[in-house]
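*Asks:* Next come the chains, spelled out residue by residue.
2 protein chains.
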Amino acid sequence: MANEVILLDFWPSMFGMRTRIALREKGIEFEYRDEDLWNKSPLLLETNPVHKKIPVLIHNGKPVCESTIQVQYIDEVWSDKNPILPSDPYQRAQARFWVDFIDKKMYDAQRKVWGTKGEEQETGKKEFIELLKTLESELGENTYFGGDDFGYVDIGLIGFYSWFHAYEKYGNLNIESECPKLIAWAKTCMQRESVAKSLPDSEKVIEFVTEIRKKFMLE
Amino acid sequence: MANEVILLDFWPSMFGMRTRIALREKGIEFEYRDEDLWNKSPLLLETNPVHKKIPVLIHNGKPVCESTIQVQYIDEVWSDKNPILPSDPYQRAQARFWVDFIDKKMYDAQRKVWGTKGEEQETGKKEFIELLKTLESELGENTYFGGDDFGYVDIGLIGFYSWFHAYEKYGNLNIESECPKLIAWAKTCMQRESVAKSLPDSEKVIEFVTEIRKKFMLE
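Those protein sequences? They're chains R and F, same order as listed.
Here the first sequence stands for residues 1 to 219, where the numbers follow UniProt numbering.
Here the second sequence stands for residues 1 to 219, where the numbers follow UniProt numbering.
Think of the hints as simulated: they come from the structure by calculation, not from any bench.
Note that this is a predicted model, so its numbers are computed, not measured.
Just a sample of chain R residues kept apart from chain F, beta carbon distances all over 12 Å, derived:
| id | residue |
| --- | --- |
| 1 | 39 |
| 2 | 123 |
| 3 | 142 |
| 4 | 147 |
Pairs of lysine-lysine, PhoX-like flavour, derived with a Cα cap of 25 Å:
| id | chain 1 | residue 1 | chain 2 | residue 2 |
| --- | --- | --- | --- | --- |
| 5 | R | 53 | F | 104 |
| 6 | R | 53 | F | 126 |
| 7 | F | 105 | R | 53 |
| 8 | F | 105 | R | 52 |
| 9 | R | 52 | F | 104 |
| 10 | F | 133 | R | 62 |
| 11 | F | 40 | R | 104 |
| 12 | R | 126 | F | 52 |
| 13 | R | 52 | F | 133 |
| 14 | R | 133 | F | 62 |
| 15 | F | 53 | R | 133 |
| 16 | R | 52 | F | 125 |
| 17 | F | 104 | R | 105 |
| 18 | F | 105 | R | 40 |
| 19 | F | 62 | R | 104 |
| 20 | R | 112 | F | 104 |
| 21 | F | 105 | R | 62 |
| 22 | F | 104 | R | 62 |
| 23 | F | 52 | R | 125 |
| 24 | F | 104 | R | 104 |
| 25 | F | 126 | R | 52 |
All C-beta atoms in this analysis are idealised placements derived from N, C-alpha and C, irrespective of residue type, glycine included.
All chains, please: the whole structure from these sequences, using the hints.
*Replies:* Rendered as structure tokens:
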């Protein structure tokens, strides 16, 4: 059976970026459809009726929701090339732990950095830098989170990197001075075609964040 | 190598229950250690330094954190008996989706049912019943969420059942009248030794909830 793969996504989404990267790591051709989140397509509402959120991966007509589940699905279906999760169960559990950590902590913290002000923003900034430092310490001296091979945790985290300039601009932060090794890791990831093709330009993200801030009357 | 398995847990935890059930489904002997969450053991703090939360599964000295990751780990390490996740990647993705749904929605909603009052409680009750109805509709006419076989979604949800009487008492609810098929499913699950042995008595949970409500001055 031919593989028909459609990705319902929204370009600044760090979650969508995970799925784009995973598809490209596996060399899977896919049709990318950018959603208007303020006017969601009938296909999005039909394929993710529970959360009504992007990204949705539609493989031969069957939808898979939630980015981490999509990445694992892609790794399981296209298991012959560029493994994403480690093969050892303990290493797999560790990789899942760190992606779960990112999901539970990073989104809310980064949201506070660029989308709030005053005390809430200050708390968010501290929290965010602390999270990055925890991740940097987990990375250690490795090239990638899994060691020598680009994998699940790298895919889980790298999308946020396209937002780093926006965090720096609106949070008045210098992430590289706080977490130099994490920035070096991100730059190494960016040398991969799968990543470079999947992350939007930082300046475009800044423009997007500026717009959102205007909507929420932070500007 | 002999398998030394230790579970750091807290008896009313619906998350800990998942791991207990998974271990028992696989017939794995384990040492259960009930934690005092108001005075956590050095071993808990050492094995889960990031979240400092139960359950922690320690397999031959190596800790695995987060119940869903533990259940998947158990399924991968002891793969020869009673598979927990389906073997088909699409079915696996669906099972992961529903457990993720439970994790994202159920805990907060049930907390509002027994741990708040007034309008917050009323909203929580509606939300909670709606969640249960969504899950009941996913169950459909099947015996278990995965069809004929007890599996990942059943393990993800059944622990909450031991709290149902507490929700009914403090939320003034009748869950069976709202979701009769879900209750029938829960009763079927309870016939399994792995489940019956892992869930605490409902009356004991009610006592526990009553204590917590006193602490939070809801009584």
